[in-house]
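There are 2 protein chains.
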Amino acid sequence: MAKKNKTAISPTREQDYPAWYQEVIKASDMAENSPVRGCMVIKPWGYAIWENIMQQMDILFKETGVKNAYFPLFIPLSYLEKEAEHVEGFAKECAVVTHHKLEPDGKGGLKPAGKLAEPLIVRPTSETIIGESMSKWISSYRDLPVLLNQWANVVRWEMRTRMFLRTSEFLWQEGHTAHATEQEAKERTLLMLDVYTKFVEEYMAMPVIRGSKTVSERFPGADDTTCIEAMMQDKRALQAGTSHFLGQNFAKGSGIKFQNEEGKEAYAWTTSWGTSTRMIGGMIMVHSDDDGLVVPPRIAPAHVVLLPIFKKDEDSRVIMESTRGLKDALEEKLFHGQKIRVELDARDIGGARGWDWVKKGVPVRIELGPRDIEQNCVVMARRDEPSSQKLSMNREEFIHQITDILDNIQDNLYNRAINYRNENTVEIDDKKAFYKLYKKAKGFNNGAFVMAHWCGSQDCEETIKKELSVTIRCIPFDSPTEEGKCICCDNASSRRVLFSKAY
Amino acid sequence: MAKKNKTAISPTREQDYPAWYQEVIKASDMAENSPVRGCMVIKPWGYAIWENIMQQMDILFKETGVKNAYFPLFIPLSYLEKEAEHVEGFAKECAVVTHHKLEPDGKGGLKPAGKLAEPLIVRPTSETIIGESMSKWISSYRDLPVLLNQWANVVRWEMRTRMFLRTSEFLWQEGHTAHATEQEAKERTLLMLDVYTKFVEEYMAMPVIRGSKTVSERFPGADDTTCIEAMMQDKRALQAGTSHFLGQNFAKGSGIKFQNEEGKEAYAWTTSWGTSTRMIGGMIMVHSDDDGLVVPPRIAPAHVVLLPIFKKDEDSRVIMESTRGLKDALEEKLFHGQKIRVELDARDIGGARGWDWVKKGVPVRIELGPRDIEQNCVVMARRDEPSSQKLSMNREEFIHQITDILDNIQDNLYNRAINYRNENTVEIDDKKAFYKLYKKAKGFNNGAFVMAHWCGSQDCEETIKKELSVTIRCIPFDSPTEEGKCICCDNASSRRVLFSKAY
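Taken in sequence, the protein lines are chains A and B.
Under this note's numbering, think of the first position of the first sequence as 1421, with each following residue one higher.
Under this note's numbering, think of the first position of the second sequence as 1421, with each following residue one higher.
In short, the hints are calculated from the structure, not lab data.
Be a bit skeptical, because a hint or two may be false.
Intra- or inter-copy, both count: the list cannot distinguish identical chains.
What the hints assert, rightly or not - Computed cross-link-like contacts, DSBU-like style, restricted to lysine-lysine with a CA-CA straight-line distance of at most 30 Å:
1) K1677 x K1502
2) K1521 x K1502
3) K1753 x K1618
4) K1852 x K1862
5) K1535 x K1521
6) K1618 x K1487
7) K1672 x K1527
8) K1487 x K1759
9) K1759 x K1618
10) K1921 x K1862
11) K1606 x K1677
12) K1446 x K1487
13) K1886 x K1521
14) K1521 x K1885
15) K1886 x K1905
Here chain A stands alone, though its shape is the one from the complex (with noise of 0.2 Å):
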């Protein structure tokens, strides 16, 4: 498996980083473009680690008093209408339905038929449809406060598409909440805020920086827009999640009225936040390498992939019986309360074998020869270390060890990618050095995380954006208060802030 100085994917990081990412997914069989513009296919190994996001990220939402729902597909046009500030953003990008049948147009081929007496939208969202159903559903203190999340589908026309990043139909979740009091509606905003940041960082591997979004940078109808901004290896950020204080504004929009514990009709406070499959494009450029893609252990569609060696004049009976007894101990054990995933290959396609499973990213692999068998022994390599970096250790005692041995990848993988953002952190005063450094960012090399100080005006946040395609990433709730000038405009500030390019 040792492919000296050569690479599993080509183009390399370095090379050609947008290239590399479509690279990675491909060789781990992910997905793909469908043959519907901007909608890509979720293959099975792709849809595996979507399936160990939302399981897990559910547990999590449910231990908070969560439960989850499902809303209609369709948005009648009306309800957008009604919305005109919250609908602005999507009215550009939505698939439209506005007939229901076909018929044969006489050319042999169908035609649409049967024109509907409105038209409806698909989801960019549901939020006006969830804003609706909580309405009819809320009409005392006492049935606050509500709870709502939908695992669903949504989708917003897009003109440049890149898988998993950007695509017109995506899959997300999407919290609702509604609360008798500002206070309650503020701690929920920052409570699904937490949740994100433990199960990106704990279970992605991907460290976070938690802030507010400046006013020109909030979902619209927003009072707070809450975020988590993670670095990629090209120095951009990726906002991995957000949490959204609506005040009462949804409320008012979608008239959410409740008697509250005085008698009197009050407006509820809500909430909504989300994150999407997005999050895997995230993950992708986090951690993924010039031989593929690396899984964290926590959401890997396979824990171990174990190759059994055939050697010619040796009985390959038992050695398959050896694998299978090997793989059979392992998925007793237990990760994290998840059952143990082994993947077994006895494909006998040479060197190829094992790169696959390099390139698709799993945690462990474990080659079984007839030697190994004989002295009781397993070979191990992880993907966090080098391919050909290669340990041999007991069979008992690797079995023994496979959790700890995982929990040490995840570790590892979130270490190294804190290390990388640290580097690429800077703090900045002189607006000369500030230009300098983004005006040369290309290709891998997009400059840094810049913590700069920022007077809070509109006008330099624009000015920035404009000229250099740098955004603020957000106001980080850590950054300390302390006296500075403007990056852009030199007048008093209070407090740094988080540049960066993003996605």
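Based on the hints, put chain B in the right spot on chain A.
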């Protein structure tokens, strides 16, 4: 809680079965009609049942080697045109996307804009697009079998809808497999029918009759459609799942070819199989009674609800603590590998509280008052017994026995349903008796499951369907060879088939 001679649901099943069905759904808070024509909102109680179905059925799928994937929501119109035979049934009823944006209509509203060059159909099934993918993924016998499943929403425009039973959008799973040999594909067809049988009988407690559809009731393009049929309380049949052996028909339509072991090109043999939220409609109609929903324990959103009883002069803190202690103790136990799900309802709303949970169909209700706590007791009521029937049990004994109690309820529901079906299944050899039975069918009483001889002619099948609205539900696998005369035309027949009115 004793409401003598009164029922929680009005009308009763006998009074007005369709209205009773809607009331059960409303009273249990499972779902409601949405503002979007023909679509429903699945509320948390209803969606939790679907989640339990999905999670557990998915495990059974995966045990047979099936992997989940996700295909686009939209199907290009040209795909449907290609498969004329297949599309015929769906073409009359589908949502057609013709535009990809909205723009101001000049009257303060919005109108569709950005007309698509080719209309897109919201998937009525993913058959065509999965076929297209398989044709790309499969090139050698080494790539086979391909065993795919998708959990998703689909849309079929329905004019008359009924929640869970028939809605324009519904949730389902569709499995698609491709195999190198006819034998293997046939075995897979039956294997998946076995999985459905196991799930519907053991998890949903609904006994089913397994068999093949007649040629005229087959899925278009299938060589054999196998199904499971359940009896509802109104003595109609509901098809709870189908598994199709598609021969090489779809492989030919989609170009799913492979090189076999002899190096020759051959078409694959395919299967498809599906179940949907319709099963929940079946569950309601098999188990529920005039007091509302009854949910089998294995798919119940909550297994147990705890109802602490506060007396004026008692210490409510002590009661709450004791109730929480009971909750914790129960939640540590496993029921078929799942944590026992416990609701604690401490609302102070009198008798309505207990009835709420009766109507929601929770298997076990526990009352816990000051005296019970003193005596280390709980008062238990089971949903499969009359609501007035209560049993005082030692607290530790209850905790110890809870899984047995739930299993007992599960068995009881199944046995009740199979007894009901057996009581209402008859063999009829006389045409007059057959016609008389179904002619008087009305409201709650739709006759029976009739095992009768059929000569195999589509004319006879059609005549009975036209004259009685009775169809051949299936040719049961276990129907023995037996000489007889067709119930319709008196010609020779070698086997009885299952006739019934149906949903």
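Structure-based check of all given hints:
no. : hint          : verdict
1   : K1677 x K1502 : within (17 Å within a copy, 51 Å between copies)
2   : K1521 x K1502 : both (28 Å within a copy, 17 Å between copies)
3   : K1753 x K1618 : both (24 Å within a copy, 27 Å between copies)
4   : K1852 x K1862 : within (18 Å within a copy, 86 Å between copies)
5   : K1535 x K1521 : both (8 Å within a copy, 17 Å between copies)
6   : K1618 x K1487 : both (19 Å within a copy, 28 Å between copies)
7   : K1672 x K1527 : between (51 Å within a copy, 24 Å between copies)
8   : K1487 x K1759 : both (25 Å within a copy, 17 Å between copies)
9   : K1759 x K1618 : both (21 Å within a copy, 23 Å between copies)
10  : K1921 x K1862 : within (11 Å within a copy, 69 Å between copies)
11  : K1606 x K1677 : within (18 Å within a copy, 57 Å between copies)
12  : K1446 x K1487 : between (36 Å within a copy, 18 Å between copies)
13  : K1886 x K1521 : between (46 Å within a copy, 27 Å between copies)
14  : K1521 x K1885 : between (46 Å within a copy, 27 Å between copies)
15  : K1886 x K1905 : within (20 Å within a copy, 85 Å between copies)
Every hint from the earlier list agrees with this structure, and none is contradicted.
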